[in-house]
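**Q** Listed here are the chains, written in short residue letters.
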Amino acid sequence: MPELLDIAKRIAEQARGEEQIEAYVSWNRDTEIRAFEGEVESLSSAESAGIGIRVIQGNRQGFAYVGDLDERHARETLEEARDNARFASVDEHAGLAEPDGVSVQELELWNDELAGFANADKIALALELERKVRAGDERIRQVVSADYGDSSGESAIASSKGIAVSSRETTCFISADAVAGSGDDTQTGSGYSVGRGAGDIDVNKAARDAIDRATRLLGAKKPASGRIAVVFDPRITATLLSILAGTLSGEEVARGRSLFAGRIGEEVATSAFTLVDDPTDIRAFGASAVDSEGLACRRNVLIEGGRLSKYLYDSYSSRVAGTFSTGSAVRGGFKSIPGVGARALALAPGELDQNGIIAAIGDGLLIQGISGVHSGVNRVSGDFSVGAEGIMFRQGRLAEPVREITIASTIQKILQNVLFIGNDVEWLPSNASGVSLAIGEIAMSGA
Amino acid sequence: MTWSESEFSNVSGLEDVLVGKSEIERAIHQALLHGGEFAEVFVEDRRTTGISLDDRRVEELATGRDRGAGIRVVVGDTTGFAHTADISGAGLVAAAMAAASIAKSGGGGVREIQLVQQHYPSRGTVEIYPESIAKATKVALLESADDAARSVNGAIRQVSAGYGDSRRRFVVANSDGVYASDDQVRTRLFVMCVAAGDGGMQTGYESIAYTVGYELFDRISAQETATKAANRAIAKLVARPAPSGVLPVVLKSGTGGILFHEACGHGLESDHIVKDASVYANRIGETVASPSVTLVDDGTVADKWGTSTIDDEGYLSQRNVLIENGVLTDYMWDLLRSRKEGRASSGNGRRQSYQHLPMVRMTNTYLMPGSDDPDEIVAQTQNGVYVAQLGGGQVNTATGDFVFGMTEAYLIENGKITEPIRDANLIGNGPEVLQRIDAVGSDFDMSPGTCGKDGQSVPVGCGQPTLRISGVTVGGTAGA
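So the protein sequences, as listed, match chains A and B.
Letter by letter, the first sequence follows residues 1 to 447 in the working numbering.
Letter by letter, the second sequence follows residues 448 to 927 in the working numbering.
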């Protein structure tokens with residue numbers, strides 16, 4: 001394989017006069033295996049690579065990409081990006097990231113052993129997972145999928161501004177989707193385990209999780225509507241934090257598309273609520289030494305003690321706001337330009353575990369699954385209405401499971417009604433970690 | 448459906464652009480030689496243009512090109528898959544051997560294959576290829592949308608608009624002798640508006656998306672699309688909190704098709720069926736819906752977002768009746784699942800790109816119109832919710848449970864549509880909702896969407912007449 005950084009530099013060097021050029025070059029090798037009924041249903045193995053080129057000419061930005069590393073294609077793509085720049089609006093803030101002197105930390109995100117991990121061993125993991133889910137509980141009726149996947153990826157960014165960085169990482173996961181049944185009742189649940197290499201994978205945990213999540217809601221009924229205290233399971237909290245981070249993007253704020261626009265310094269949450277995005281924490285799945293414009297990733301405190309303290313910025317949005325990039329540029333691969341995003345959100349943990357929180361609240365609903373998040377949460381108005389399922393609790397003890405309900409509130413009210421934050425931090429395959437989170441009152445729609 | 452018999456997919460043209468027949472044959476041959484029982488080569492070339500306008504500014508004009516081949520080899524119940532960006536003869540053979548060795552090591556027999564070129568009448572009726580339109584013209588289109596949205600009302604504070612076109616050409620061939628190609632052109636526009644009022648900010652969204660060329664904008668103007676989005680945001684400024692609880696819900700024609708796509712369609716995809724992971728498994732011939740329900744998946748509807756001449760496995764797109772007068776008649780099939788069942792593919796094998804394995808997917812899924820007067824359906828609803836636009840949603844195919852966001856909805860009070868309500872979710876169970884459809888209108892409309900499944904996104908269409916569901920849970924914050 002050619003050196004990605006060399007390819008990126010050769011493209012960036014083509015800049016003429018005042019022109020700015022940035023090349024993002026990436027390469028990935030992925031394996032995906034699906035087991036079904038003791039056999040390998042499918043096995044995919046592939047390498048993919050591509051180049052995304054940004055050009056800034058006279059305060060106009062153009063972008064083009066190509067899905068290979070061919071030099072001739074790279075030259076054509078550069079010309080295409082130059083042509084595209086002619087049609088963009090003149091924007092005084094257009095431009096690439098300026099090196100900011102923040103030093104890049106060494107993060108070990110690459111596991112050498114993954115390259116030597118044989119397909120036969122990968123298959124064995126997927127088959128073992130399927131077997132354990134099937135055998136783990138007599139109510140498991142089907143294991144729809146039991147997957148093993150891994151990915152080794154490298155990327156490089158070079159620009160005419162003097163950026164020249166490369167990074168690489170490996171990831172490895174197993175996951176299972178189980179269907180449990182009892183009489184006419186059917187429920188589903190998924191379990192997974194992730195890491196940087198096969199040694200991090202815990203098949204028993206993934207199997208147990210899939211079984212528990214599929215079986216614990218069997219017999220669930222639709223409860224009567226009402227207002228109720230809720231406790232979000234760590235996985236659900238992670239989803240909520242991802243949504244929240246979307247509203248704290250400097251890009252969305254600048255465009256008037258965030259309910260938190262213009263509220264820096266205000267009390268937006270209860271005083272126990274401290275939210276940090278720290279991609280340099282290698283426990284985080286989204287950990288990264290550099291952002292997608294080549295600046296060093298760094299720890300950013302977004303909400304401190306309930307007070308809104310910072311928005312996330314890439315270089316463009318920071319120029320619009322008259323501030324500095326927080327090293328928070330993210331991109332969906334070589335096919336897209338950078339935008340703003342969080343990578344490793346975490347809430348400062350509290351004192352109690354989930355049982356302790358439930359005991360302290362007394363009566364409420366433990367929420368274990370939500371759905372319709374992308375349609376049910378409006379980042380501008382803050383309106384929040386999602387499908388949910390979980391287990392009621394009374395006098396501090398878990399009671400009957402419930403399903404087919406919605407919970408509704410606003411993001412603003414949820415943050416002002418935080419009762420407890422748990423100490424049960426879970427690092428998840430997401431841009432957020434999870435922790436149990438209790439909210440004082442929420443509208444529950446049921447029967 | 449109508450199309451001109453004289454228009455054919457231009458296979459020879461694609462050979463020049465993509466890869467020759469002999470190279471494809473050699474790759475399939477090598478795959479079989481190395482143990483494959485079935486082998487398929489899919490070669491794709493995709494060019495895209497995307498332009499986004501935000502806050503009166505052309506923020507991005509991006510173009511891209513992806514070209515490569517995906518090779519699938521089946522041995523027993525195991526599928527091996529490899530893809531490559533190298534579509535030379537040598538690249539194809541290397542990928543074919545990789546896929547075969549993945550599927551099974553060694554032991555296969557030699558089998559002669561003969562590719563027979565399929566000439567299908569093209570469903571593509573492209574009048575103006577988007578690549579023939581100057582980039583400046585596309586930019587001006589977005590600017591006209593922005594102007595139109597802002598001129599609706601001073602309350603409109605932000606407008607973002609996006610334009611996209613794609614031309615996707617592919618050749619697919621397999622060891623059963625299938626050899627076909629397609630040239631798919633899709634064009635779309637969306638407009639999102641933010642309006643500000645005393646009660647905070649609200650959003651309005653509208654999109655148009657068709658399997659046609661740039662002539663789309665001669666049929667539906669960008670201004671009209673923008674005006675709809677703006678009016679939607681403005682209407683919601685005075686919206687009250689949505690009610691909470693089980694209520695009758697009337698879905699305006701063309702807005703609720705996604706509900707049937709999610710809540711029923713996914714459960715009728717044969718991959719879920721053969722794994723017994725669908726509420727509809729083993730229920731052919733049973734009554735699964737109210738007698739007024741006829742559900743169809745149809746990849747042949749002219750110009751719609753989910754339409755194509757052939758599917759991504761080289762089989763002709765079809766009109767498949769899934770539920771007829773409430774009775775479950777069939778599922779949707781791709782090649783592998785249908786081979787196993789000894790039946791024909793229903794033309795539902797689709798994939799996001801050459802880097803993805805095909806699987807069972809919907810095309811355009813819709814509920815057939817009935818005989819009720821749409822206005823009467825509202826008039827005969829005492830109290831409920833009228834949904835004029837649904838946003839996204841999701842379903843659990845094993846249980847049928849779904850959620851959907853309402854992005855434009857109104858209260859129905861005493862048989863009349865009254866005040867707008869704020870965004871909220873609907874939640875329910877697909878099989879139950881099918882039984883609870885108690886009025887089906889004589890009108891009909893469709894809307895475009897992007898369907899995600901197992902990490903792959905494909906364009907789909909959804910449609911339905913105005914109809915009423917006697918009771919569904921509305922997830923608002925106000926007492927019902």
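FYI, nobody ran anything at the bench for these hints, they're computed from the structure.
Honestly, I wouldn't trust all of these hints.
These stretches of chain A come out as covered by chain B in the derived footprint (C-beta under 8 Å, 3 or more residues) [unchecked claim]:
| id | segment |
| --- | --- |
| 1 | 272-285 |
| 2 | 400-411 |
| 3 | 418-431 |
Which chain B residues stay away from chain A? Per the calculated CB distances, all over 12 Å, these [said to hold, decoys possible]:
| id | residue |
| --- | --- |
| 4 | A537 |
| 5 | S579 |
| 6 | V743 |
| 7 | A826 |
Where is the CB? At the ideal position from N, CA and C, for every residue including glycine.
**Q** So, for every hint listed, does it hold in this structure?
**A** Here's how the hints hold up against the structure:
1. 272-285: n = 0 at 8 Å, threshold three: violated.
2. 400-411: holds (count 7)
3. 418-431: violated (count 0)
4. A537: Non-interface label on A537(B) holds, nearest chain A Cβ at 15 Å vs cutoff 12 Å.
5. S579: The claim holds: S579(B) sits with its nearest Cβ about 16 Å from chain A, beyond 12 Å.
6. V743: holds (25 Å)
7. A826: The assertion about A826(B) holds, with a minimum of 26 Å to chain A.
Violated hints, in rising order: 1, 3; the structure is consistent with all others.
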